[in-house]
Every structure is written in structure tokens, then in C-alpha cells.
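Here the protein sequences come in this chain order: A and B. So in this note's numbering, spot 278 of the first sequence is number 890, and the numbers just go up one at a time. So in this note's numbering, spot 262 of the second sequence is number 874, and the numbers just go up one at a time.
Simulated from the structure, these hints should not be mistaken for lab results. All values derive from a computational prediction rather than experimental measurement. Each residue gets a CB set at the ideal place from its N, CA and C atoms; glycine is no exception. Each hint should be verified, as a subset may be incorrect.
Quick list of in silico lysine-lysine cross-link-like pairs, BS3-like style, CA-CA up to 25 Å [stated by the list, open to error]:
1. K637(A) x K826(B)
2. K617(B) x K655(B)
3. K826(B) x K854(B)
4. K826(A) x K617(B)
5. K617(A) x K637(A)
6. K826(A) x K637(B)
7. K826(A) x K638(B)
8. K638(B) x K617(B)
9. K617(A) x K638(A)
10. K655(A) x K617(A)
11. K637(A) x K655(A)
12. K826(A) x K854(A)
13. K826(B) x K617(A)
14. K655(B) x K637(B)
15. K826(B) x K638(A)
16. K617(B) x K637(B)
17. K652(A) x K637(A)
18. K655(A) x K638(A)
Simulated restraints on C-beta separations [what the hints assert, rightly or not]:
19. E872(A) x P685(B): 26 to 32 Å
20. R901(A) x V812(B): 25 to 31 Å
21. P663(A) x G873(B): 29 to 35 Å
22. R856(B) x R770(A): 38 to 44 Å
23. A804(B) x I616(A): 23 to 29 Å
Number of protein chains: 2
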Amino acid sequence: MDQIKVIHWGLGAMGAGIARMVQDKKGLVSVAAIERSPAKHGKDLGELLEPGRVSGVTVMPDFGSLSPAVTGPADIVLHATASFTREVVDDLIAAVEAGLNVITTAEEMAFPWAGAPEEARRIDQAARANAVTVLGAGVNPGFVLDTLIITLTGVCERVDAIRAARINDLSPFGPTVLRTQGVGTTPEEFAAGVAAGTIVGHVGFPESMSMIAKAIGWRLDRIEQEREPIVSATYRETPYVKVRPGMVAGCRHVASGYGEGRLLIRLEHPQQIHLEDVATGDFIWIDGRPPVAVQIMPRYPVGSAQSRSSST
Amino acid sequence: MDQIKVIHWGLGAMGAGIARMVQDKKGLVSVAAIERSPAKHGKDLGELLEPGRVSGVTVMPDFGSLSPAVTGPADIVLHATASFTREVVDDLIAAVEAGLNVITTAEEMAFPWAGAPEEARRIDQAARANAVTVLGAGVNPGFVLDTLIITLTGVCERVDAIRAARINDLSPFGPTVLRTQGVGTTPEEFAAGVAAGTIVGHVGFPESMSMIAKAIGWRLDRIEQEREPIVSATYRETPYVKVRPGMVAGCRHVASGYGEGRLLIRLEHPQQIHLEDVATGDFIWIDGRPPVAVQIMPRYPVGSAQSRSSST
Numbered sequence: 613m614d615q616i617k618v619i620h621w622g623l624g625a626m627g628a629g630i631a632r633m634v635q636d637k638k639g640l641v642s643v644a645a646i647e648r649s650p651a652k653h654g655k656d657l658g659e660l661l662e663p664g665r666v667s668g669v670t671v672m673p674d675f676g677s678l679s680p681a682v683t684g685p686a687d688i689v690l691h692a693t694a695s696f697t698r699e700v701v702d703d704l705i706a707a708v709e710a711g712l713n714v715i716t717t718a719e720e721m722a723f724p725w726a727g728a729p730e731e732a733r734r735i736d737q738a739a740r741a742n743a744v745t746v747l748g749a750g751v752n753p754g755f756v757l758d759t760l761i762i763t764l765t766g767v768c769e770r771v772d773a774i775r776a777a778r779i780n781d782l783s784p785f786g787p788t789v790l791r792t793q794g795v796g797t798t799p800e801e802f803a804a805g806v807a808a809g810t811i812v813g814h815v816g817f818p819e820s821m822s823m824i825a826k827a828i829g830w831r832l833d834r835i836e837q838e839r840e841p842i843v844s845a846t847y848r849e850t851p852y853v854k855v856r857p858g859m860v861a862g863c864r865h866v867a868s869g870y871g872e873g874r875l876l877i878r879l880e881h882p883q884q885i886h887l888e889d890v891a892t893g894d895f896i897w898i899d900g901r902p903p904v905a906v907q908i909m910p911r912y913p914v915g916s917a918q919s920r921s922s923s924t
Numbered sequence: 613m614d615q616i617k618v619i620h621w622g623l624g625a626m627g628a629g630i631a632r633m634v635q636d637k638k639g640l641v642s643v644a645a646i647e648r649s650p651a652k653h654g655k656d657l658g659e660l661l662e663p664g665r666v667s668g669v670t671v672m673p674d675f676g677s678l679s680p681a682v683t684g685p686a687d688i689v690l691h692a693t694a695s696f697t698r699e700v701v702d703d704l705i706a707a708v709e710a711g712l713n714v715i716t717t718a719e720e721m722a723f724p725w726a727g728a729p730e731e732a733r734r735i736d737q738a739a740r741a742n743a744v745t746v747l748g749a750g751v752n753p754g755f756v757l758d759t760l761i762i763t764l765t766g767v768c769e770r771v772d773a774i775r776a777a778r779i780n781d782l783s784p785f786g787p788t789v790l791r792t793q794g795v796g797t798t799p800e801e802f803a804a805g806v807a808a809g810t811i812v813g814h815v816g817f818p819e820s821m822s823m824i825a826k827a828i829g830w831r832l833d834r835i836e837q838e839r840e841p842i843v844s845a846t847y848r849e850t851p852y853v854k855v856r857p858g859m860v861a862g863c864r865h866v867a868s869g870y871g872e873g874r875l876l877i878r879l880e881h882p883q884q885i886h887l888e889d890v891a892t893g894d895f896i897w898i899d900g901r902p903p904v905a906v907q908i909m910p911r912y913p914v915g916s917a918q919s920r921s922s923s924t
């Protein structure tokens, strides 16, 4: 079997985790690596991932600095730099115009038409013109609260409504993720953070909902999102945060998608450190013929993303 | 939206259930119907499904009796006549050569290369030559113990082994299904029926296992199947069978797929009437990175297939 020649773009916690996985896969070989951070330029990719494991691939600062002798025979870019389509659109189009397929971890790219339709159109057009594919992939968005749900509806004669919940534990995460979920704030600070846009909750609800609606053939008229503080009754602590009783241990982010005159999709994603009285899990309920109830416990872990906080 | 023009082939319990569903779907329209049973020839398809609901489609005895004016503009054949590839191969190729896509309920067609590789090759070749697709679809095989499992592995870095169980209730089924599962036999009769091939258990394990192995990249060296009687401790009864204590209430069919020097896949499908002490459910465990444990309760119902016994 010919090995698939991979270019790594982005070597933060997520990108490095992906690159580490590629080193262990028989069918894949790393042929180039790009990372913005100057501290990594000129380093050997293998050494960077695991001291002593020389790969012969030198980390470069940007796509333009790669030789056509490298990009020409390469097959795919694994891209892991940022969350939003507008932040990654230029990277993706540069790769596509070099004739490369792309998989990106950018959350919005799971369904870019939801948040950035003009950029989605440009990427789609460039990919078609160059006969390559661009996929936004991830555990969530990209799988648990959208692709998996769509798959589960595949044997339903009729789907009337969908509800799903992903209950996870933020304890392994670093300060950036904890901050974006409001962990360690007071309820007042939490409300102010949500209003200011610094406490964002989960990135991906409009993407997951739009993907589901398109697959089922529903027209969504509006998507409402609520971010509520999970106020702790107990003392909880991680290496990065201390939460006293009455303080915020996480964010309960809920999205509701309305259309066809009713509530069609409701997705819940409570994220906190050290859960009280609940177990982590992924839950999906399809109201239809037949009805379907699925439980995944413990939840799908976020894999390489566990330590992503260090890069985002 | 243009409606998809459907030809129904087979109007037993399963085919009639499918046809009934098509009548309720906005995107589909029935343009022809074929049924071997002479009692249905010349009848109106709508009337046959629901008295008073005239469709204007007359039930014909075979594919050859359909006018090219009907098959020409049609898009797809929904085929529901039998379980085994060798029983349906001629039908499928006739439809394909008329330029029609096909979805068939034949269990073996979920992955025909497992049980009938030569027929699979012929169907594949004919479909490619006519630029149409042929899909073997069903709840099981076709979804719960194969497609869904493959989907769930999609976010695994590594898959080491797979185990799944589908625990269902045969109480709604008719005499033919009950007989093929040995319900109502003595343990001695059950053993004799398995040896004689009249008690078959589930049709589809080699198909599901081969499909999973191909998706993951495993080479299966052998598949072992065991069919054990579920001996009842209590009196159980349905309109079609009476099971006294000590008699057989169903068949516990287990398949094990070996390869790469170990047990790779184990699928269990205990089927009985009126379960004792267990609930129905579909269960999937993926041993890998990450491990995944999924529970669907109650199990995916078999939908139109519930009453299939009357036709098979």
C-alpha cells in the first residue's frame, strides 16, 4: 500500500497529538510540518514530539516556505491552528490551490455554512476547482452531537425532534479552556463574562444543528443559545483553579433550534470540573418512528484535545 | 424538488411496509410494483396497502412485464423478496441493466462478498457498467451490528477488538421466524434442527463481520458461529407458540471472528419470546483508544420487519 503523505499545519497541543498519532500509523507518513511559533522553527518534527525520535522533517514557519518538491507529491494537510472559519480560510485555500486535500480541526469548519457562508462558498469553490476535499473534523462538533446523530436517524422512517446531551469533565484542561467556560468566577463575573463574550461555552452548536437540519431536510428558522453558570455546592480544585462553594464550576450551554413551527433540536453541553452527582456521558434521544435512545458512558473522550488548552 | 420514482419489487410484509412508508414520503412516488404471488396481480398498489387508497399503480407479476415507458424514467427499485444473494442476483442485475439503482433487503446483500463473492462481483460489475448503485440495507445486518459500529470507530485512534450484542424479543413474530429460531422445540429437537440447518438463528453475521473488518483494515482468518438453545424456566406463550418450562424459548447465536492472531470481533444476538430477567437492547463495546461503550435501550426495533414472518 502506498503511504498517504501528510503535511502537518499547526503543532500546538492538538496538532502535536495528531502528528504523534501519524508517527504510529502504518498507512501515513509525515512529509512536512508548519508551526507559527518561532520556538519550534528549524526543529526536527520527530524530536519535537518525542526526544530522540528523529523524523527528518524540519518544522517550517509557514506554508509558503515549503518547497514545491514537498507539496507536489503530498496528499493531505492536517490543519490544527484555530477554531473559526475566518481565521483559517486563507490557509485552507492556499493548501487546496496547491492540490492538497485538507482535514482541519477548526470547530466552525464542521459546517462552515452556519457561521461563515461566504468563506464556505470560497473554500468549496476552490476545492471543486482543484478536485480535492476539505473536511472539518472533530469529536464535537463533527461527531458526537451531529454526525453520530445523523447516522442514528438513518434507520428511522420519520424524525420528529432530536435531543442530545454531552456531559463532560473539564478537570484535565488548562487555564485557557477553564477561562472560556467561566470556571472559578463568581456568578456575577460569569454573567458579565457571557455578556462581554469572554465566557463563550461550547463552540459549534450552530454548526451541529445546521448539519443535522440539512441531513434531515428541516429548515431552521432560529437557533437560541443559553449559557448558565454551574454554581458549586462544594469545594473543587484542579492544578489551575480553585472553586469555593457558591462559585462557578463550569458552564451549562444549551442550544435550541426552532423551525417547522416547533422545537426541532435541543443540544445540551454542561462542562465543569469535578462533577457532583452526575456521571459523564453522551446521550442522544430521537423522537420519531422508531424512537431511539442512546447512551455512551463514559462520554467519548476528547483525545488529543485534552491538553489543548496549552495552545488555544 | 423532483420526486424520486420508485419501483417496488416484492410486496410481502416487508415490501408492503416499505411501500406504505413511500406513500407517506413527500420526496418519493411509487410508479410500479411487482409481486410474485398471483393473488396480488392486477390489484391497485394503494388499495392493497390500505383499502380505499387508490394509487393508479397496478401490481405486475415480474420485472419483464413492466413497460419501458415505466422503467425508463424510474429512478430506483426497492427490492424485498428474499434473504440470500444467490436468490436475488438475477433480479438485481435485471434492474441494474435497465439503468435503475437498487436498494434490497436481502440480508446477505449487506456485504455480499462474504457469502457469495462471485455474485457480488457480477452485481458490482453490472452496476459500474450502468453507472448505478446497489445497496443492501437493513436494521441488522446493515446497521446495528456493522454500519453503526464502523461509525463509532470513526473517532478512535486505534481499534483493538469489538464486541456487540443485540438482545431482542421475538414475541411479535409469526410462525416462520419462530421456527427458524427453534422457539417451541425441545432442547433435543433444537440440536437436531441446528444440525439439519432448519434452525438457522440470525442471517448476517459473516456479512457484518466482513464489513467491519474491511472498514478497519483487519484480515479475518476464520469466523466461528454457535447456536445455543435458550431453555425457558417459565411458561411463555404467543399467538403462535407455547413454551413450557424446559422447552426452548429462542436461540442464542454468537459469532466470533479471528484474525491477526486473536479474537477481533464477537457479535451476540440472543433472540427469544418474552424475555426473562433481561431487557432488550443494543450494546457495542470498542476496545481501543479511546475505548467506547454504547447502549441503545430499548433496541432498535425492526420496523416493517416485525410482521415479516408472514412473508418469509
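### Message
To test your reading of the hints: which numbers does this structure violate?
### Response
3, 12, 23
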